[in-house]
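Undergrad: With the sequences and hints as input, model every part of the structure.
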Amino acid sequence: MTTLVTPGTDGRFGDFGGRFVPETLVPACQELEREFAAAWEDETFRAELNQILAEYAGRPSIITECENLGRQLGIKLVLKREDLNHTGSHKINNVLGQTLLAKRMGKRRIVAETGAGQHGVASATAAALMGLECKVYMGAVDVERQALNVFRMRLLGAEVEAVHSGSRTLKDAVNEAMRDWVATVESTHYCLGSVMGPHPYPYMVRQFHRVIGDEARVQMRDRYKKDPDVIVACVGGGSNAMGIFSGFVDTDARLIGVEPAGGAAVGRGQPGVVHGMKSYLMQDEFGQVQEAHSISAGLDYPGVGPEHSYLASIGRAEYPTVTDDEVIAAFQLMARSEGIIPALECAHALAWIVLESPRLAGKTVLMNLSGRGDKDVAQMMDILGNSI
Amino acid sequence: MSGAGLLETTLRAVRSEGRKSLVPYVTGGAPQWVETVRACAANGATAIEVGIPFSDPVMDGPVIQEASQLALEAGATPVSIFEELRLLDVQVPIVVMCYYNTVFHAGHERFAKSLVDAGVCGAIIPDLPLEESGPWCEAADRHGVATVMLAAPTAPDERLPRVTARARGFVYSVGLLGVTGERQSLAATATALAARLKSVTDVPVLVGVGVSNAEQAVQACEVADGVIQGAAVVRRMLEGGPDSVGEFVAEVRRALDDRFPRIKS
Numbered sequence: 001m002t003t004l005v006t007p008g009t010d011g012r013f014g015d016f017g018g019r020f021v022p023e024t025l026v027p028a029c030q031e032l033e034r035e036f037a038a039a040w041e042d043e044t045f046r047a048e049l050n051q052i053l054a055e056y057a058g059r060p061s062i063i064t065e066c067e068n069l070g071r072q073l074g075i076k077l078v079l080k081r082e083d084l085n086h087t088g089s090h091k092i093n094n095v096l097g098q099t100l101l102a103k104r105m106g107k108r109r110i111v112a113e114t115g116a117g118q119h120g121v122a123s124a125t126a127a128a129l130m131g132l133e134c135k136v137y138m139g140a141v142d143v144e145r146q147a148l149n150v151f152r153m154r155l156l157g158a159e160v161e162a163v164h165s166g167s168r169t170l171k172d173a174v175n176e177a178m179r180d181w182v183a184t185v186e187s188t189h190y191c192l193g194s195v196m197g198p199h200p201y202p203y204m205v206r207q208f209h210r211v212i213g214d215e216a217r218v219q220m221r222d223r224y225k226k227d228p229d230v231i232v233a234c235v236g237g238g239s240n241a242m243g244i245f246s247g248f249v250d251t252d253a254r255l256i257g258v259e260p261a262g263g264a265a266v267g268r269g270q271p272g273v274v275h276g277m278k279s280y281l282m283q284d285e286f287g288q289v290q291e292a293h294s295i296s297a298g299l300d301y302p303g304v305g306p307e308h309s310y311l312a313s314i315g316r317a318e319y320p321t322v323t324d325d326e327v328i329a330a331f332q333l334m335a336r337s338e339g340i341i342p343a344l345e346c347a348h349a350l351a352w353i354v355l356e357s358p359r360l361a362g363k364t365v366l367m368n369l370s371g372r373g374d375k376d377v378a379q380m381m382d383i384l385g386n387s388i
Numbered sequence: 389m390s391g392a393g394l395l396e397t398t399l400r401a402v403r404s405e406g407r408k409s410l411v412p413y414v415t416g417g418a419p420q421w422v423e424t425v426r427a428c429a430a431n432g433a434t435a436i437e438v439g440i441p442f443s444d445p446v447m448d449g450p451v452i453q454e455a456s457q458l459a460l461e462a463g464a465t466p467v468s469i470f471e472e473l474r475l476l477d478v479q480v481p482i483v484v485m486c487y488y489n490t491v492f493h494a495g496h497e498r499f500a501k502s503l504v505d506a507g508v509c510g511a512i513i514p515d516l517p518l519e520e521s522g523p524w525c526e527a528a529d530r531h532g533v534a535t536v537m538l539a540a541p542t543a544p545d546e547r548l549p550r551v552t553a554r555a556r557g558f559v560y561s562v563g564l565l566g567v568t569g570e571r572q573s574l575a576a577t578a579t580a581l582a583a584r585l586k587s588v589t590d591v592p593v594l595v596g597v598g599v600s601n602a603e604q605a606v607q608a609c610e611v612a613d614g615v616i617q618g619a620a621v622v623r624r625m626l627e628g629g630p631d632s633v634g635e636f637v638a639e640v641r642r643a644l645d646d647r648f649p650r651i652k653s
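These protein sequence lines are chains A and B, in that order. Under this note's numbering, residues 1 to 388 are what the first sequence spells out, in order. Under this note's numbering, residues 389 to 653 are what the second sequence spells out, in order.
For the record, the hints were derived by calculation from the structure and aren't laboratory data. Mixed in with the good hints there might be a few duds.
Stated by the list, open to error - One-sided excerpt, in silico: chain A residues whose CB lies under 7 Å from chain B:
1. PHE151
2. ARG154
3. GLY157
4. MET178
5. VAL182
6. ALA183
7. SER187
8. VAL273
9. GLY287
Remember, it's a predicted structure, so these values are computed and weren't measured experimentally. Even glycine gets a Cβ: it sits at the ideal position worked out from N, Cα and C.
TA: This is how it looks when you write it as structure tokens:
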């Protein structure tokens, strides 16, 4: 039976993880490791976090059985509704945890990277709530395709900076956030948005998202008297997937992390080191990081969190891919069959379920609906035009 | 003598003369980089740092990012840069700067060997902190390649002796909190950290990051054994070419030699 890994001071999940950061950031990462460990053990901190999650973010999130889609696909399909959280995605779980921790550590400012803008919006929201200054780095390409979220962040009082270096997407936003942090580390907390980066981030962010899996496990047992057969989530950096997987790693459920075909770090990558961690990474023959290509800005990332690399390496989780076209079809399918517009990221998970459904007949499939699709509507309008 | 030995011997000799080391940084593979390296050598560089361009240079500011991007677009690879270094006939030690994935992807042994074959004396790896450096350092030691460790202003006192114990060739004393790039004035952290390092090690201590001109180089050297200048050099390479870099290096060299002349023995 696999159990959830708690990394030691070396930050390793098997061979993966670690802390590959400039010397300047080492003391900050060590401090964060200590402070998080202390806070996580502190009942007052946990109670305060749980209260904000309940009374501000709207937890617990419900589960919804998709009867129409389930009938169509010949499976029992259940959604974990992270899309119903305040700010519209699972990202708020981690951000409320990190900002509460940042305040406890006496930091006055947070910086964050964002791809689709969901983590940026969540960071801007939590910063407004907690009275912290907030700066969000976002690739210029993403600023373009997620204009609504950019405006949302600015409404919430955050400064948004478009990043014009490299591929001008999520990976470059991470670079720029790290450069900011190197210069401002004494006053600033880097509110990293996924289960990636240097130790303790992959572990800490997973702990803040465990609530997804922990709730779902209880909800599934209450409602169906058993664990699901298959758990499915999309994977960019992999935070929503790690959140739901962590509730079921020690069960018999298959764990499926769906990557975009153009950003398949686990599927097509090799071990490498970037953004502070050793993990699977899309790279060329000289170790230059390759640009990911996905219709979904949130999954447009050439790496993946180290715990996913570990789960893949021991065969506990599987990481198939789906294409942009399959995602577009799944996006519309969920809207029409269930009256739920999913985030394009989550449409990856549904796309895999649809493709795989002939082999899932009669199974109970739990999908993490990690975000809602409002932010993607303008982009889909461009793609679909008058064809619908 | 190994490359590591040559590098450290060279820097120690400069120090024992009462002079200061000057190490310009040049992005390998950028336009006219080989001529720029020659211009540095001809105008008084003690050693030269050659950057291997990387797709995600998180310790670098806009100038070196731009040079890296130009180099990558021109098709530069570690292999092509090593080959040009091997053919290079300058008489000063060469140290490469590269991000860790370049090393990790090649494999520690293979990378160390390719440095030796290219005639390179040492390596600076800015995203490989002390705790993660063991396997690379062992391979580098075996091949006689110096691992130049970086020390940062944020390091607590207890950390510095552990960093310097692992350093070969010299210690790279990071001048400020931030990425590479020119600044109006030398940060107070630059001399403060150099002094803390000098008090715990005999290995030469060079200040880099934010040492922008001759005046700041002299200021840093009031405490340190020398300076590394990156963005100031690379900007001139991109704007004015090798001659412009040569003039700049000569100017810094003169300023250092005027303030810290050779002690007659």
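Undergrad: Hint by hint, note whether the structure agrees.
TA: Results for each hint:
no.: 1; hint: PHE151; in the structure: violated, 27 Å
no.: 2; hint: ARG154; in the structure: violated, 24 Å
no.: 3; hint: GLY157; in the structure: violated, 25 Å
no.: 4; hint: MET178; in the structure: holds, 5 Å
no.: 5; hint: VAL182; in the structure: holds, 6 Å
no.: 6; hint: ALA183; in the structure: holds, 4 Å
no.: 7; hint: SER187; in the structure: violated, 10 Å
no.: 8; hint: VAL273; in the structure: holds, 5 Å
no.: 9; hint: GLY287; in the structure: holds, 3 Å
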